[in-house]
Amino acid sequence: MSPAGTPPPPAALRAEHITKAFGGLVAVSDISFDVPQHSIVSLIGPNGAGKTTLFNMLTGLYRPSEGKILLGGRDITRARPDLITRYGVARTFQNIRLFGAMTAVENVMVGHHSQMRAGLFGSIFRPPWVRREEVKARERARELLAYVGLREPGFDRLASQLPYGDQRRVEIARALASEPTVLLLDEPTAGMNPRESQALAEFMRALRDDLKLTILLIEHDMKVVMGVSERVTVLDYGKKIAEGEPAEVRADPGVIEAYLGKQAS
Amino acid sequence: MSGLGARLRAWQAAAQRRLPQRRSRVLAGLLIVIGIVLPFAFSSSSGFINATIIAVAYAVMSLGLNVVVGFAGLLDLGYVAFYALGAYSLGWLGSGFFFKAKIHALVSPVASTLPGVHLNFILILIGAALICAAAGTVIGLPTLRLRGDYIAIVTLAFGEIIGTLAVNGQSIHIGGGMTLTAGNLGISAVDAPYFPGIGSFNLLNLRPWYWLIFAILLVVLFVNLRLRDSRLGRAWVALREDEVAAVSMGIPLVKTKLSAYAIGAAFGGMSGAFFGAYYTTVNAGQFQFGFSIFILAMVIIGGIGSIWGAVVGGLALGYINNYLIPDVLNDLPSHLGFNFQLTQVEFGIFGFLLVIMMVLRPQGLIPERRRQLELTAEIAPADAQLAEAPGTPGGAA
Chain A
35 MSPAGTPPPP
45 AALRAEHITK
55 AFGGLVAVSD
65 ISFDVPQHSI
75 VSLIGPNGAG
85 KTTLFNMLTG
95 LYRPSEGKIL
105 LGGRDITRAR
115 PDLITRYGVA
125 RTFQNIRLFG
135 AMTAVENVMV
145 GHHSQMRAGL
155 FGSIFRPPWV
165 RREEVKARER
175 ARELLAYVGL
185 REPGFDRLAS
195 QLPYGDQRRV
205 EIARALASEP
215 TVLLLDEPTA
225 GMNPRESQAL
235 AEFMRALRDD
245 LKLTILLIEH
255 DMKVVMGVSE
265 RVTVLDYGKK
275 IAEGEPAEVR
285 ADPGVIEAYL
295 GKQAS
Chain B
2 MSGLGARLRA
12 WQAAAQRRLP
22 QRRSRVLAGL
32 LIVIGIVLPF
42 AFSSSSGFIN
52 ATIIAVAYAV
62 MSLGLNVVVG
72 FAGLLDLGYV
82 AFYALGAYSL
92 GWLGSGFFFK
102 AKIHALVSPV
112 ASTLPGVHLN
122 FILILIGAAL
132 ICAAAGTVIG
142 LPTLRLRGDY
152 IAIVTLAFGE
162 IIGTLAVNGQ
172 SIHIGGGMTL
182 TAGNLGISAV
192 DAPYFPGIGS
202 FNLLNLRPWY
212 WLIFAILLVV
222 LFVNLRLRDS
232 RLGRAWVALR
242 EDEVAAVSMG
252 IPLVKTKLSA
262 YAIGAAFGGM
272 SGAFFGAYYT
282 TVNAGQFQFG
292 FSIFILAMVI
302 IGGIGSIWGA
312 VVGGLALGYI
322 NNYLIPDVLN
332 DLPSHLGFNF
342 QLTQVEFGIF
352 GFLLVIMMVL
362 RPQGLIPERR
372 RQLELTAEIA
382 PADAQLAEAP
392 GTPGGAA
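So the sequence lines, in the order shown, correspond to chains A and B. Each position in the first sequence, counted from 1, maps to that position plus 34 in the numbering used here. Each position in the second sequence, counted from 1, maps to that position plus 1 in the numbering used here.
Keep in mind the hints are simulated off the structure, nothing from the lab. Hints may be right or wrong, so weigh each one.
Unchecked claim - Here are the simulated lysine to any residue pairs, SDA-like style, with alpha carbons at most 25 Å apart:
#, chain 1, residue 1, chain 2, residue 2
1, A, Lys102, A, Pro70
2, B, Lys256, A, Arg160
3, B, Lys256, A, Arg112
4, B, Lys256, A, Phe127
5, A, Lys170, B, Arg10
6, A, Lys170, B, Ala7
7, A, Lys102, B, Ala7
8, A, Lys257, A, Asn227
9, A, Lys170, B, Arg227
10, B, Lys256, A, Gln149
11, B, Lys256, A, Glu168
12, A, Lys170, B, Gln13
13, A, Lys170, B, Asp230
14, A, Lys170, B, Met179
15, A, Lys170, B, Val224
16, B, Lys256, A, Arg108
17, B, Lys256, A, Pro70
18, B, Lys103, B, Met179
19, B, Lys256, A, Ala180
20, B, Lys256, A, Ser66
21, B, Lys256, A, Gly156
22, A, Lys170, B, Leu28
23, B, Lys256, A, Arg114
24, A, Lys246, A, Phe159
25, B, Lys256, A, Arg97
26, B, Lys256, A, Lys246
27, B, Lys256, A, Leu95
28, B, Lys256, A, Lys257
29, A, Lys102, A, Asp68
30, A, Lys273, A, Ser66
31, B, Lys256, A, Arg165
32, A, Lys170, B, Leu226
33, B, Lys256, A, Tyr96
34, B, Lys256, A, Arg120
35, A, Lys170, B, Lys103
36, B, Lys256, A, Glu213
37, B, Lys256, A, Arg172
38, B, Lys256, A, Phe155
39, A, Lys170, B, Arg8
All chains, please: the whole structure from these sequences, using the hints.
The following block contains the structure:
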């Protein structure tokens, strides 16, 4: 697809023929795709198509039954989730999974965990470098919370007490705190009104352009998908049924069938 | 103008943040002073001081278990294992039990002439902490890959294994005619703590014992407070709150859980070593399953996850168990015409206390700040509804 002569830049994230079977149920079957650097790629498909399962494999929560996952050339197929985070993949969850008993700032500081060094003895004796690290992490957390649009009074409130929209913001800030190169967002606009969704789409573009992030997105809101993504991959029943630019995918008869059913066409 | 206003507000906020901190510092200093002078109010071998010593040692264990159960959310029902290991560390490192060995380090002139391993009590304390941390790591490695209730079951089993090992250890020969434990006979004639300049502790004057365990409590308390507000402490709470989210944020699951388990074990071991010295014997019969539950009850009654709660819970149950029931209220039933003593039903009393706590104050005596906020948060919407009810103006303030 890329014009001949210019070699395509290496993919930020690449899946090669990955399959995940839970016993007899094949949730994801032989899927390959590339997420080019500094791009926004969407993953769409009906409920139960295997999108979140795919995310869980990309972040190490599930191990693929078959296939390979490469992060900028590094094989992360069998790596532990915390290492994958350290290598530069961060995510949010479909049902927000904040640490409810921690404040917004503390949540974001947990996201910064892999970038900090204080161990057991550092934590107990708290030498100057640990103090500096703590102060820096706290400042960074507040910066990030401000960046995602949380207002100051919410910073020191418990995550479980924040309104839904703010919880989504904190989750994104927490993911950003791990200083990722690839950000996986699992239905970030769920529960948002069209105006908020539009704002979030703008925000994703800003993330890509300002922070030089690569974003892989699971999304049901077609307006958002068509608006922000450079490429779209469509899953149905665990299989890839289409891939390409948003306009191509929208016109694809297989995709229409998967979404609307056969008779409806 | 607005810049000045903002600066004023920032200054005010900073002052408000610092004020409770300073107040709590003063309070902590006051408590420490009271703790130090406390034994002078009682005779040097009174039953109350004895109960206080045991209660403070319980508080140390309670603090240790609180790291495991409260911070990291790992329900450990076998904590008695570390009490046992700590006590045996003392038996091994501070008595003539390993009679073939001749190792002495900074001990009393008497002990330094005896066969066996005789180390200074501080060295034993460190040794007990290290041995228990190592054992905690070994036990934890297979256990902590499990989740929730399964951890409880497996730790319970390990507690029983250590107990059984202690009972049957007299049949485990480690060479030279020496055995691993002395079983139900107990390792007796353990060294009393000795410090140059102070001399050996004895049971006629309990004050030095009290100051020793009080010092241990302060050290353990300090470590707890430091850990709570650290990278590691946050990681523990994150794992407790949501394991999947925590590992997805870069927290190594097994390593982080293990560190909580090992630290909890080390504190239990330190307290266990103290008990070994204080009871002057290390007897396999001391290490029953019920003791694990007893310590857990301290953590729960104090407030799971709360450091000060663990201290208060440990002290409260310690005093009830060793002072209130046996010394003060023991004859109460007979005065009321019943034919039993209160010590015979003490576990019934603890069970009753736990039930009462769960009904009246499920968050514990001194709830963890976070849980406290959570609980008030649940009440808040109800309050809001009340405020919006007709006839109550000013709800939308």
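Comparing the hints with the structure gives:
1. Among the hinted pairs, Lys102/A with Pro70/A is consistent with the structure: their alpha-carbon atoms are about 17 Å apart, no more than 25 Å.
2. The suggested pairing of Lys256/B with Arg160/A holds, with an alpha-carbon distance near 20 Å, which does not exceed 25 Å.
3. For the hint linking Lys256/B to Arg112/A, the alpha-carbon distance of about 18 Å falls within 25 Å, and the restraint holds.
4. Taking the CA atoms of Lys256/B and Phe127/A, the gap is near 24 Å; set against the 25 Å cutoff, the hint holds.
5. Between the alpha carbons of Lys170/A and Arg10/B the distance comes to roughly 22 Å, so the proposed pair stays at or under 25 Å and holds.
6. For the hint pairing Lys170/A with Ala7/B, the CA-to-CA distance comes to about 22 Å; that is within 25 Å, so the pair holds.
7. Distance hint between Lys102/A and Ala7/B is unfulfilled; the C-alpha atoms sit about 54 Å from each other, more than 25 Å.
8. Under the criterion of a C-alpha separation no larger than 25 Å, the hint pairing Lys257/A with Asn227/A is consistent with the structure, at around 12 Å.
9. Under the criterion of a C-alpha separation no larger than 25 Å, the hint pairing Lys170/A with Arg227/B is consistent with the structure, at around 18 Å.
10. Between Lys256/B and Gln149/A the alpha-carbon distance is near 16 Å, which keeps this suggested pair within the 25 Å criterion.
11. The suggested pairing of Lys256/B with Glu168/A holds, with an alpha-carbon distance near 21 Å, which does not exceed 25 Å.
12. For the given pair, Lys170/A sits about 22 Å from Gln13/B by alpha-carbon distance, which is consistent with the 25 Å threshold.
13. Pair hint Lys170/A plus Asp230/B holds up; C-alpha atoms about 15 Å apart against a cutoff of 25 Å.
14. Under the criterion of a C-alpha separation no larger than 25 Å, the hint pairing Lys170/A with Met179/B is inconsistent with the structure, at around 55 Å.
15. Straight-line distance between C-alpha atoms of Lys170/A and Val224/B comes to about 22 Å, which keeps the hinted pair within the 25 Å bound.
16. At most 25 Å may separate the alpha-carbon atoms for a hinted pair to count; Lys256/B and Arg108/A meet this at roughly 24 Å.
17. Note on Lys256/B and Pro70/A: the hinted pairing is violated, with a Cα-Cα distance of about 34 Å set against a maximum of 25 Å.
18. Taken as a hint, the Lys103/B and Met179/B pair is honoured in the structure, with Cα atoms around 14 Å apart against an allowance of 25 Å.
19. Restraint check for Lys256/B and Ala180/A: the C-alpha separation of about 32 Å exceeds 25 Å, so the hint is violated.
20. At roughly 33 Å between alpha-carbon atoms, Lys256/B and Ser66/A are farther apart than 25 Å, so this suggested pair is violated.
21. Taken as a hint, the Lys256/B and Gly156/A pair is honoured in the structure, with Cα atoms around 16 Å apart against an allowance of 25 Å.
22. At roughly 30 Å between alpha-carbon atoms, Lys170/A and Leu28/B are farther apart than 25 Å, so this suggested pair is violated.
23. At most 25 Å may separate the alpha-carbon atoms for a hinted pair to count; Lys256/B and Arg114/A meet this at roughly 12 Å.
24. As the CA atoms of Lys246/A and Phe159/A are separated by approximately 37 Å, the hinted pair breaks the 25 Å bound.
25. Restraint check: the Cα-Cα separation between Lys256/B and Arg97/A comes to about 20 Å, which is no more than 25 Å; the hinted pair holds.
26. Between the alpha carbons of Lys256/B and Lys246/A the distance comes to roughly 32 Å, so the proposed pair goes past 25 Å and is violated.
27. Distance restraint check for Lys256/B and Leu95/A: the Cα-Cα separation of roughly 17 Å lies within the 25 Å cut-off, and the hinted pair is therefore satisfied.
28. For the proposed pair Lys256/B and Lys257/A, the alpha carbon gap of about 43 Å is over 25 Å, so the pair is violated.
29. Between the alpha carbons of Lys102/A and Asp68/A the distance comes to roughly 12 Å, so the proposed pair stays at or under 25 Å and holds.
30. The hinted pair formed by Lys273/A and Ser66/A meets the criterion: a straight-line CA distance of about 10 Å does not exceed 25 Å.
31. At roughly 23 Å between alpha-carbon atoms, Lys256/B and Arg165/A fall within 25 Å of each other, so this suggested pair holds.
32. For the given pair, Lys170/A sits about 20 Å from Leu226/B by alpha-carbon distance, which is consistent with the 25 Å threshold.
33. Restraint check: the Cα-Cα separation between Lys256/B and Tyr96/A comes to about 19 Å, which is no more than 25 Å; the hinted pair holds.
34. At most 25 Å may separate the alpha-carbon atoms for a hinted pair to count; Lys256/B and Arg120/A meet this at roughly 15 Å.
35. Distance check on the hinted pair: Lys170/A and Lys103/B sit about 52 Å apart at the alpha-carbon level, beyond 25 Å; violated.
36. For the given pair, Lys256/B sits about 22 Å from Glu213/A by alpha-carbon distance, which is consistent with the 25 Å threshold.
37. Between Lys256/B and Arg172/A the alpha-carbon distance is near 24 Å, which keeps this suggested pair within the 25 Å criterion.
38. Proposed proximity of Lys256/B and Phe155/A is supported: the alpha carbons are some 15 Å apart, at most 25 Å.
39. Proposed proximity of Lys170/A and Arg8/B is supported: the alpha carbons are some 21 Å apart, at most 25 Å.
Hint violations for this structure: numbers 7, 14, 17, 19, 20, 22, 24, 26, 28, 35, all remaining hints satisfied.
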